[in-house]
Each structure stands twice: as structure tokens, then as C-alpha cells.
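2 protein chains.
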Amino acid sequence: MEENNILRIAMSRRSTRRFSSEPIEVKDVLYAVQVALQAPSGANRQPWRFIIIFDPEIKRGVRHLCEEWERKFHESQSLPKWFKEWLEERNISWEKPFLEEAPALIIVLADKKAPYSRESTWLAIGYILLALEEKGLASLTYTPANPQVISRYLDVPLNYTLEAIIPVGRSGENKVKESRLGLEDTVCIDRWGNNLELSSFPLAGYTRV
Amino acid sequence: MEENNILRIAMSRRSTRRFSSEPIEVKDVLYAVQVALQAPSGANRQPWRFIIIFDPEIKRGVRHLCEEWERKFHESQSLPKWFKEWLEERNISWEKPFLEEAPALIIVLADKKAPYSRESTWLAIGYILLALEEKGLASLTYTPANPQVISRYLDVPLNYTLEAIIPVGRSGENKVKESRLGLEDTVCIDRWGNNLELSSFPLAGYTRV
Chain E
1 MEENNILRIA
11 MSRRSTRRFS
21 SEPIEVKDVL
31 YAVQVALQAP
41 SGANRQPWRF
51 IIIFDPEIKR
61 GVRHLCEEWE
71 RKFHESQSLP
81 KWFKEWLEER
91 NISWEKPFLE
101 EAPALIIVLA
111 DKKAPYSRES
121 TWLAIGYILL
131 ALEEKGLASL
141 TYTPANPQVI
151 SRYLDVPLNY
161 TLEAIIPVGR
171 SGENKVKESR
181 LGLEDTVCID
191 RWGNNLELSS
201 FPLAGYTRV
Chain W
210 MEENNILRIA
220 MSRRSTRRFS
230 SEPIEVKDVL
240 YAVQVALQAP
250 SGANRQPWRF
260 IIIFDPEIKR
270 GVRHLCEEWE
280 RKFHESQSLP
290 KWFKEWLEER
300 NISWEKPFLE
310 EAPALIIVLA
320 DKKAPYSRES
330 TWLAIGYILL
340 ALEEKGLASL
350 TYTPANPQVI
360 SRYLDVPLNY
370 TLEAIIPVGR
380 SGENKVKESR
390 LGLEDTVCID
400 RWGNNLELSS
410 FPLAGYTRV
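Chains as they are written, first to last, in the working numbering: chain E, 1 to 209; chain W, 210 to 418.
Hints in this document: simulated from the structure, not taken from any laboratory. Nothing here was measured: the structure is a model prediction, and the numbers come from that model. Any given hint could turn out to be false.
[As the list claims (entries may be wrong)] Straight line, CA to CA, 27 Å or less: simulated DSS-like cross-link-like pairs of lysine-lysine:
1) K84/E to K321/W
2) K322/W to K112/E
3) K344/W to K113/E
4) K177/E to K236/W
5) K236/W to K293/W
6) K113/E to K322/W
7) K322/W to K386/W
8) K322/W to K81/E
9) K27/E to K135/E
10) K321/W to K177/E
11) K322/W to K72/E
12) K293/W to K177/E
13) K322/W to K236/W
14) K72/E to K84/E
15) K113/E to K236/W
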């Protein structure tokens, strides 16, 4: 096995908002869901369900409904200033062409009644993203402004929440990955406040019970 | 690159509640966090923070606090019957020896104020689990019955929630993986109700925009 394979995949992945019209293999999309099905979940209830949309008409319907509510969201006065600026810097508007341009959309649903349903489902989404990247497929975790209207459009029963829409395809943009914090910015040892310092930490060591 | 590497890793991983006393390499634990830091997050806020506990005294303190609240939880009358039975079948009681037996505990924290903080953090936990498995390390996503008391014990500021404790080590049990649903049980095509049938689905095909 290649060393640090997952780190390499995680580092190469970046969220994609423009997809090329290149076709993708159906089996690669199903592969990613198959990986997600192996994730752990609260009491192993496997609360996730998936709708994979290939049909261009249905993708268009999803796009229109999402954009209708995104428009309201983007125009609302309650949006925090920092977030408005963040969106503007990235040219992210209420328009969501990726919902039509991506060859496939994975709609991720979660059973409302299962314990830790949302947590488990998002953990499984992490699995999906890495598996797609392994297959050379770009993706985005898009959370619609009004998930209920999309659920209704797709005939999803009321006991499921729509957690995310993951457009899947070949990247059509040449974006660099957004910067990430490092280990020293995010890790404490033994308790809060005791920040990790890699230069003095026994990285080569072993830890035992 | 080896084909279907991530599926192989996801399939081999199973939640572990007994750890051996075998030492583990410090750098392998940090490797998994490094992978998590590459995950996407709402507005790239990277809401996650980690405390890695190696100190046996602090692990013991965490265990005692967790068990105190687990006991109350397990004895409570409000526990659903199916869940009580599920726990009993697996010999899961209020006792959490893995919190002391695992050579390391990764405490996962999430910034309460970041958008989609919980979702992003659990997605990153998915990354962590796969990265640990890649390094041959067993893990569990344990959610304490009272996360606040553990936060307080570890001096975590109030603007973070404790989302999970991930004990990490070599497996000390010979459990089989819990069964998982298959693609046909969980996937619909284009809309709810249109269940995937692998025998008739054009798996070898391509999908285009």
C-alpha cells in the first residue's frame, strides 16, 4: 500500500463550483456511496439514504428551486457582514449552475429519528468526498437554503432531512485550494491551552497506556 | 495508486471498544488530525480544534467523569427499549474502559459560532477514522453523555462544544464488523421511490450533462 495515500487525497481535494461537460462513469459515483455505507453510525442505525440524480430535467428543477431560496437568503439583511464579504471575494452568488452542470448530484438524506443521525450522516459525507477524489471526481458539499422544498420536489418522506447536495463531475475550474490551518494552530496536548509545538514534541516516539 | 484503496480501508474498519496495551506511534495520531485539517468546512471556517490526550492521569479523569454520567444515562427510564436491547446484545454498559486503555484520546471540539460547525466537524471526523485505519489504528467515535463536564475538566472555552472522543490504539478484540446495508437498500435514482436495481442499471455507462 502506498504510504500516506489518504493525506495525499485529502490534500488534493478542493471544493469545486464549476464542472466541465466531460462525462463521468456511473460506477464511480456508486463507488463513493458504497464507501459511505461502511461508515459507523449511532447504534449502527445507518440513518443515511441517497438519491443520485442523473436526469437533466430533475437537476434543472433542483437548481431552480435552490436558486429561488438562495436569492432570498443572499438578499436578506440578516446575513453577517464577514460572510457577505467572504461570498463576494469568491464570486459566490445566489446562482448555482453546478446543480445543472455536474453530471450527477448525490442528495444525502438522514433519518430524523436515529440517534446521532446528523453527526453520522456528515461523517459518511467525509467518506464520500475522499472516495470521489480517489476516483478523480470533483465535488462540493452544498447545503441548500431551504432543504424542505427540495425534499418535497423529490418525494422524500417527512421522516428524512435533506442534509446536503453533492454535485459530482470533472472540475471545470482552476482554483487553488483554500488555505488550511496547521497542526500547531489547532491541536493541544492533554488539555486546552497546552498548544502543540512540533519542534519540541517527541514525534518519533511511541505512546503506551 | 492502488485501486479502490479507500473502499478497502472503509470496509476493514470497525468500531473498537477494547484496546491492547501495545504502544502506538505519536506521529500516526497526528497524521490523522493532519488529514482532518484538509476537510472542507462552512465558509472554510475550519471550526475544529483537537486535544490529544496521552497522559494516563488525564485519561483516567476523563473516564471517571464519563462513567459517572453514563451510569445516569443507562439507568434512566427514558432510554428507548430497542436501544437498551441493542446495548445489551453488545455488552455495552456504562463502563468505558477504552477511555483509559487506549494509548491516545482525540477530543474533537467545534466552534459554536461557525456556520455548519457541527456538520463540518463530523465530516472531518470521517477523514480521521479513515486515516487512522490506513495506519492500522483502531478507533471509536464515542459521544459522552455529558460533554460539558469533560470540556470543563479540560479547560475548554465555552465557545466550543465537545463533539466526540476518539480513543486510538491497537485493537484488543476480535469482533466482526457490524453488518451494513447495501446500495440497493439505500440508493434511489433521480427521485425517492425509484430504487436502484443493480442488475438492470447501466453501471458500465457514462453520464453526461
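Hinted pair K322/W and K72/E, Cα distance within 27 Å: Roughly 22 Å between the alpha carbons, so the hint for K322/W and K72/E holds.
Restraint status (C-alpha distance of K72/E to K84/E at most 27 Å): Judged against 27 Å, a Cα distance of about 14 Å means the pair holds.
Keeping to a limit of 27 Å between CA atoms, is the pair of K177/E and K236/W held or broken? Cα-Cα ~25 Å, so holds.
Between K322/W and K81/E, is the straight-line Cα distance small enough, at 27 Å or below? 14 Å, holds
Within 27 Å, alpha carbon to alpha carbon, are K322/W and K236/W? Judged against 27 Å, a Cα distance of about 31 Å means the pair is violated.
Sort out whether K293/W lies within 27 Å of K236/W, counting only the CA atoms. Since the Cα atoms of K236/W and K293/W sit roughly 38 Å apart, the hinted pair is violated (cutoff 27 Å).
For K113/E and K322/W, compute the direct alpha-carbon distance and say whether it is at most 27 Å. With a Cα-Cα distance of about 25 Å, the restraint between K113/E and K322/W holds, given a limit of 27 Å.
27 Å Cα cutoff - pair K27/E, K135/E: 10 Å, holds
For the pair supplied as a hint, K344/W and K113/E, is the alpha-carbon distance within the 27 Å limit? Distance of about 34 Å is beyond 27 Å: violated.
Mind checking the alpha carbons of K84/E and K321/W for me, to see if they're no more than 27 Å apart? Holds, because 19 Å separates the two Cα atoms, which is no more than 27 Å.
Would you check the hint for K113/E and K236/W, treating anything up to 27 Å between C-alpha atoms as holding? 38 Å, violated
Verify the proposed pairing of K293/W with K177/E, using a straight-line Cα cut of 27 Å. 45 Å, violated
Of the numbered hints listed earlier, those contradicted by the structure are 3, 5, 7, 12, 13 and 15.
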